[in-house]
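Going down the list, the protein sequences come from chains Z and X. Just so we're aligned: the first sequence equals residues 1 to 305 in this note's numbering. Just so we're aligned: the second sequence equals residues 1001 to 1305 in this note's numbering.
Derived from the structure by calculation, the hints contain no laboratory data. Hints should not be assumed to be uniformly reliable.
Unchecked claim - Capping the alpha-carbon separation at 20 Å, the derived lysine to aspartate or glutamate pairs in DMTMM-like fashion look like this:
1. X:LYS1260 x Z:GLU69
2. Z:LYS283 x X:GLU1266
3. Z:LYS33 x X:GLU1281
4. X:LYS1283 x Z:GLU34
5. Z:LYS116 x Z:GLU69
6. X:LYS1033 x Z:GLU279
7. X:LYS1283 x Z:GLU281
8. Z:LYS234 x X:GLU1279
9. X:LYS1305 x X:GLU1169
10. X:LYS1046 x Z:GLU281
11. X:LYS1178 x Z:GLU266
12. Z:LYS234 x X:GLU1238
13. Z:LYS5 x Z:GLU41
14. X:LYS1260 x Z:ASP252
15. X:LYS1225 x X:ASP1139
16. X:LYS1283 x Z:GLU36
17. X:LYS1154 x X:GLU1138
18. Z:LYS260 x X:ASP1153
19. X:LYS1234 x Z:GLU238
Number of protein chains: 2
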Amino acid sequence: MTNFKDTWIAYIQNLQNSICAAIEAEDGVALFKEDEWQRPEGGGGKTRVIANGNVFEKGGVNTSVVYGEVTDPMRTQLGISGDNWFACGLSIVLHPSNPFVPTIHCNYRMFELYNKNGDVIDRWFGGGTDLTPYYLFEDDAVHFHKTYKAVCDKFDTALYPEFKNNCDEYFVNSHRGKERRGIGGIFYDYCRPGKDRDIEFWFGLGSGCGNALIDSYLPIVARRKSLPYTADQKFWQEIRRGRYVEFNLVHDRGTLFGLKTNGRTESILMSLPPTARFEYEYKPVVGSEEDKLWQACLHVRDWAK
Amino acid sequence: MTNFKDTWIAYIQNLQNSICAAIEAEDGVALFKEDEWQRPEGGGGKTRVIANGNVFEKGGVNTSVVYGEVTDPMRTQLGISGDNWFACGLSIVLHPSNPFVPTIHCNYRMFELYNKNGDVIDRWFGGGTDLTPYYLFEDDAVHFHKTYKAVCDKFDTALYPEFKNNCDEYFVNSHRGKERRGIGGIFYDYCRPGKDRDIEFWFGLGSGCGNALIDSYLPIVARRKSLPYTADQKFWQEIRRGRYVEFNLVHDRGTLFGLKTNGRTESILMSLPPTARFEYEYKPVVGSEEDKLWQACLHVRDWAK
């Protein structure tokens, strides 16, 4: 694939457009506002946020195309070698107001390293999509996971089980035992093109998963967004949103790397929910609908079987 | 001072009792609930929480007396030597419901290290109290800082300027430039008894500052707790509470050390506010009361001059 970098950038930016259009259509009221930003050291991005919509209380669909010299902190803290780097990715978080509609997060990215002559000396792909419901609808969980399994299976049936397991292992609030922030999805990182799985393979997989976001998520939104809910159910959503905050600020590698390396704070923290609650020793009533969700966060299940 | 450890433990536990009594009296409705917990590796603590009171929406007044063997993570991550360690401290966070009443945080602690024979080979003190208002009342800020300056000045007039500066440097959301979580107070750490400042000096200072909490804070509570406030003012409080969450989860050394070393999560995270908001690029109107508070968090002032 010639001029691969430009192909990836074009794909990511087109995907940002099509996803924003689909979300606006589903919301019916709110529109995205765009902040285009420049990074002094090289590159920039487009942060698109939606707020106080009919469906979406807060969300962001962001792309960035950034590059620069490999710095000493990158060498020591990330183990990165080479002289120059490039990264381009899409990052999405959507927090609906209705507690029966899950929060979704996804991120698809490509990273390249160059030597002094500008030759590519390393390149890897990463990505994933995960779902954070506040109430457990098993058919939603099955639909979500089966959508990504179907995409992965087209490339290699070994991928989905591995990527699902990565996701289950990654999104853990380890300070709360094995409690996860949601019911998982897929996650992969440091995937380097090789003999068997070449650059077309990883581009195809990343774009296939990225394209699947709309099909994996919007049908769930459509069938839950008009369900009536109580103040108690909103309260529970805000408790779980608190756990989302805990994961993103204490454990998420991307968030912490961004915040500690002078990333654009407002774009990074658009992932935080609009509201959150933190209660001492809050536990749902055993056997309640809230407890069913909590148990699904504590015990991994095979949703796509 | 013979049997110093027991003296410090008795002081900390008495202070917990007297502060809880004063807070309950000021609240007038809510009472503390105590969870006494044991640490499997040695020691334990008393977590006392207050919630949904007339004044205090959420708060904790915690003590712990913990000890154990020096582990490899302590050696590598904390640079601690020796064979056994001991720590005893008091930790307080109070989040009032009324946005005109500030949040307060304090922590006073003593740490000892022993060799194989049980001899004390190192000992240090740490502590501090800081104030996080949501609206700036200059007389409150002056009263708060002058109270701690008066305590410190009794020991050495060099202390308050140093400790205030430590505090201003520590409670910074560095991912937001120089924005602090509040208007500071005092902070000191790794204070080892020496020739000039012996163990009685540091005990006296720690207990003097600990005792000053009631005088520094409750008069402010008393004069602000009945002020009427609007939904917009509560909204602003929750935005600032979001910054409190960001500081505690991203930057606070004690919180992160506790969460990553299997500390008691519910006792550590009692510091988080009951509710919080995270809005994209929220900025108060220039010249508004909200902006005045924000400016006081951005620009350090000498409140006790």
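To see whether the hints hold, each was checked on the structure:
1. X:LYS1260 x Z:GLU69: violated, 32 Å
2. Z:LYS283 x X:GLU1266: holds, 12 Å
3. Z:LYS33 x X:GLU1281: With a Cα-Cα distance of about 12 Å, the restraint between LYS33 of chain Z and GLU1281 of chain X holds, given a limit of 20 Å.
4. X:LYS1283 x Z:GLU34: Given pair LYS1283 of chain X, GLU34 of chain Z holds - Cα atoms ~17 Å apart, limit 20 Å.
5. Z:LYS116 x Z:GLU69: holds, 10 Å
6. X:LYS1033 x Z:GLU279: Within the cut-off at roughly 14 Å; holds.
7. X:LYS1283 x Z:GLU281: Cα-Cα ~33 Å, so violated.
8. Z:LYS234 x X:GLU1279: holds, 18 Å
9. X:LYS1305 x X:GLU1169: holds, 19 Å
10. X:LYS1046 x Z:GLU281: holds, 14 Å
11. X:LYS1178 x Z:GLU266: OK: LYS1178 of chain X and GLU266 of chain Z at ~15 Å, within 20 Å.
12. Z:LYS234 x X:GLU1238: holds, 17 Å
13. Z:LYS5 x Z:GLU41: holds, 19 Å
14. X:LYS1260 x Z:ASP252: Holds. LYS1260 of chain X to ASP252 of chain Z sits at ~14 Å (cutoff 20 Å).
15. X:LYS1225 x X:ASP1139: With Cα atoms ~15 Å apart, LYS1225 of chain X and ASP1139 of chain X stay inside 20 Å; holds.
16. X:LYS1283 x Z:GLU36: holds, 18 Å
17. X:LYS1154 x X:GLU1138: Answer violated: LYS1154 of chain X to GLU1138 of chain X is near 24 Å, above 20 Å.
18. Z:LYS260 x X:ASP1153: violated, 37 Å
19. X:LYS1234 x Z:GLU238: holds, 17 Å
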